[in-house]
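Asker: Sequences and hints are given; from them, build the entire structure.
Taken in order, these protein sequences are the chains called W and V. Count the first sequence with this note's numbering and you get residues 1 to 245, in order. Count the second sequence with this note's numbering and you get residues 1 to 340, in order.
Honestly, the hints are just simulated from the structure, not real lab data. Each hint should be verified, as a subset may be incorrect.
Stated by the list, open to error - Subject to a maximum C-alpha distance of 30 Å in a straight line, what follows is the list of computed DSS-like cross-link-like pairs (lysine-lysine):
id : chain 1 : residue 1 : chain 2 : residue 2
1  : V       : 191       : V       : 313
2  : W       : 130       : W       : 159
3  : V       : 215       : W       : 159
4  : V       : 145       : V       : 162
5  : W       : 186       : W       : 130
6  : W       : 130       : V       : 215
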Amino acid sequence: MSAPLLRLEGVHTHIDAYHILHGVDLEVAQGELTVLLGRNGAGKTTTLRTVMGLWQATQGRVLFEGEDIARSHTPQIAHRGIAYVPENMGIFGDLTVRENMILAARGARRAEDIDAGRLEWIFNLFPAIKRFWQHPAGLLSGGQKQMLAVARAIVEPRKLLLVDEPSKGLAPAIIQNMIAAFRELKQTDTTILLVEQNFNFARQLGDRVAVMDDGRIVHTGTMAELAADEELQQRLLGLSLAAHQ
Amino acid sequence: MSAVAVAPALPDALPAVKLDRLPLLLVPALALIALPFMGSFSTWVTLTVAGIAMGMIIFIIASGLTLVFGLMDVLNFGHGVFIALGAYLAISVLGLMGGWTASENLLLNLLALLPAMLVAIAVAGAVGFAFERVIIRPVYGQHLKQILITMGGMIVGEELIKVIWGPQTIPLPLPAAFRGSLLLGEAAVEKYRLIAVVIGLAVFAAMFWVLSRTKAGLLIRAGVQDREMVESLGYRIRRLFVGVFVAGSSLAGLGGVMWGLYQQNVTPQMGAQVNVLIFIVIIIGGLGSVGGCFIGALLVGLLANYTGFLAPKVALFSNILLMVVVLLWRPQGIYPVANR
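Answerer: So, in structure tokens, the structure goes:
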């Protein structure tokens with residue numbers, strides 16, 4: 001495993017009176033795709049939101065490139081090179097696809113200011129972005145919105161992508177598109193922390209895996225190990241991979 | 001970066017982009033419905049122009065408030081104090097230029113009015129900046145406290161106005177060239193109301209340009225829909241909010257100058273009186289929607305003038321009735337903001 005780009009050390013997070021994360025320890029290696037698995041309510045989304053500063057860790061450290069960002073504000077964290085794709089995709093429905101992309105490219109005032117080569121790469125990755133460039137994003141289908149959400153996150157080079165359940169609610173054909181897009185992204189050496197419940201989706205992409213339960217990390221290892229060990233899957237996730245193929 | 005096309009299975013077309021035109025028809029529909037009841041066409045023209053002028057002034061005042069609510073969920077019941085402040089500043093500045101305002105020369109009148117407006121915009125904006133820092137900032141996310149403390153802020157503001165300008169009603173006469181009416185056929189249309197319409201349209205056009213053509217405008221529109229995502233993209237929504245709050249206060253100050261000239265007198269309580277109207281307008285329009293605010297303001301202005309002429313007792317509650325009817329039709333207002 002290469003050096004960790006992101007490391008969580010004993011992170012606790014409270015939301016109002018609820019204690020959600022109970023000392024999360026997690027490492028995300030540079031250039032790898034780490035999948036965070038776990039049942040509903042295990043604390044996966046809270047972990048991503050805590051890293052992003054949307055919820056403050058009440059205890060513990062969130063180290064990004066060796067610096068503790070646990071007390072940083074969300075915009076400061078974004079400026080360090082972390083992009084976030086939330087579970088609800090966070091699309092601005094009243095804005096056009098073009099306007100959504102301009103906002104994501106912080107230095108751009110107009111679409112022409114976005115790096116043309118990178119935009120062309122995104123258009124090839126997600127043709128819907130180009131096709132519906134001038135359309136209100138609120139009219140896109142669920143899959144197209146997910147593509148826009150990911151495209152927005154990568155419109156400028158980022159060091160770390162936090163992606164929350166990108167396969168949720170998508171048709172199988174669109175899920176295959178997303179898998180291909182993430183494979184392409186991995187080739188650019190982008191570090192990704194992906195929250196997923198769809199093990200089959202995660203299995204095809206993950207280099208490493210961490211499994212959460214009840215606000216704690218209960219297993220870490222390589223995805224290859226977990227994919228090969230049905231007994232471990234049953235124990236950690238309560239599923240058989242065969243049933244999902 | 002290699003280019004790999006990965007999404008072959010997508011539909012070729014989206015549902016057609018449908019502009020929601022129905023609300024745009026409300027203003028002409030209301031005007032046409034009122035026509036048969038007016039007795040004469042000239043009366044209808046006079047009242048319609050007066051209603052549009054009143055609506056434009058209300059829009060100038062309310063447009064900032066709707067964005068303030070849309071962007072940060074802040075209920076600012078103290079907005080009225082900026083209206084009163086603008087009007088009183090106009091009294092002071094125009095009082096210093098008595099020679100120019102008494103002149104029949106339109107240019108001199110405009111040269112007197114312009115600094116009054118600029119001073120109102122600048123001072124109301126500066127007071128708005130302080131108001132946000134001292135009064136609003138400690139109560140983010142707490143609606144009940146926002147209502148109480150902003151109302152308290154307005155009361156303090158009114159008392160300070162009394163300290164500076166006195167508690168009595170002060171006349172604010174129109175500059176000489178703005179007085180009187182133009183005859184359009186048999187209809188008499190007050191000159192100042194035409195000026196108010198022109199200024200209101202200019203403010204609407206400027207706001208439309210900023211919101212649709214500038215990055216700051218994009219951020220405001222995005223922030224109204226999902227401020228958490230705007231922060232996740234790396235933008236400081238609080239700074240944006242302060243900017244919008246200051247701009248909204250400045251516009252209220254400008255609106256105060258125009259409202260004072262419209263009423264031709266000024267009282268320390270005028271802000272609280274207009275507050276009711278502007279809250280009706282932003283609720284009718286859809287909280288956070290500038291387009292909805294514009295239509296709502298015109299509807300309120302027209303209805304107030306029509307009912308004031310036809311049935312003055314009905315005029316007292318006609319705008320509340322309008323709000324109820326609109327909310328029964330569209331519970332989120334005329335143009336609900338997506339994702340809210």
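Asker: Against each hint, give a clear statement of whether it holds in the structure.
Answerer: Hints, verified against the model:
A C-alpha spacing of about 28 Å is found between residue 191/V and residue 313/V, which places the hinted pair at or below 30 Å, so the restraint holds. For the proposed pair residue 130/W and residue 159/W, the alpha carbon gap of about 25 Å is at most 30 Å, so the pair holds. Distance check on the hinted pair: residue 215/V and residue 159/W sit about 24 Å apart at the alpha-carbon level, within 30 Å; holds. Of the supplied pair hints, the one linking residue 145/V and residue 162/V holds, its CA atoms being roughly 26 Å apart against a limit of 30 Å.
This hinted pair checks out: residue 186/W and residue 130/W have alpha carbons roughly 22 Å apart, not beyond 30 Å. Using a Cα cut-off of 30 Å, the hinted pair residue 130/W and residue 215/V holds, with the two alpha carbons roughly 21 Å apart.
Of the numbered hints given earlier, the model fails none.
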